[in-house]
Amino acid sequence: MSKLLDIVPSWLWAFLLVLALTVAGIERTQVLKAKADTAAAQKAVSDEKLDREAENTRRALAALADLQRVIAMQAAHAKAQQENVNAYETKLAALDGRRRAAAGDAERLRNQFTVFASRDRDQATSESAACQRVADRSAILGDLAARGAELLRSGRIIVEQRDAEVKVLLGISRNDRRLLAD
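For what it's worth, numbering that gives the first Met the number 0 labels the leading residue of the sequence shown as 0, then goes sequentially.
Since the hints were derived computationally from the structure, they do not count as laboratory data. Only a predicted model underlies this, so the values are computations on that prediction, with no experimental measurement involved. C-beta: ideal position from N, C-alpha, C; glycine also. Hints are supplied without guarantee of correctness; some may be wrong.
Simulated DEER-style distance windows between Cβ atoms [claimed, not checked]:
#1 L143 x A100: 19 to 25 Å
#2 G103 x L143: 15 to 21 Å
#3 N85 x R161: 17 to 23 Å
#4 A62 x S153: 55 to 61 Å
#5 F115 x L150: 15 to 21 Å
#6 Q67 x L150: 51 to 57 Å
Using the sequences provided together with the hints, build the complete structure.
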């Protein structure tokens, strides 16, 4: 080996040494650059994953907020519908009470007309044929008047019941439109 050292000039050794060091430096730089590129690529992938996760989280939060809004609208709708039904049932109960009272009034009137016709008949006994016709007519008229009053009250109650049904249906329709508009 000492003969090899003597044959090769020292500047060539220095050149070869510098060349070897340069090649080693280049390789080391390329390795470091590859590591940096890999780290940057991993960071980019990691950043992209984080961005996707953040976007998914934003979408989930938006869906949750929308779901909460829909649930609140449905709860308000259900509450309004229940109020409409309760008002309708209250109105029906009041109408039923009035119907029973009207039936009682009709029966009372019928009894009053019967008593009146009976009294009229008793007084008409002095004139037989004419008085009998008057008595019969007053009994018939009494029954007709009582029946007319009963029919009138029943008719009013039926009309008010239909009005209550229409109000409930209008309230339900209005509520449904409000729900669909939101």
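Hints and how they fare:
1. L143 x A100: 19 to 25 Å: At roughly 21 Å between Cβ atoms, A100 and L143 fall inside 19 to 25 Å, so the hint holds.
2. G103 x L143: 15 to 21 Å: Taking Cβ atoms as reference, G103 and L143 lie about 19 Å apart, which means the hint holds.
3. N85 x R161: 17 to 23 Å: 19 Å, holds
4. A62 x S153: 55 to 61 Å: Hint holds: Cβ distance 56 Å, inside 55 to 61 Å.
5. F115 x L150: 15 to 21 Å: 20 Å, holds
6. Q67 x L150: 51 to 57 Å: 55 Å, holds
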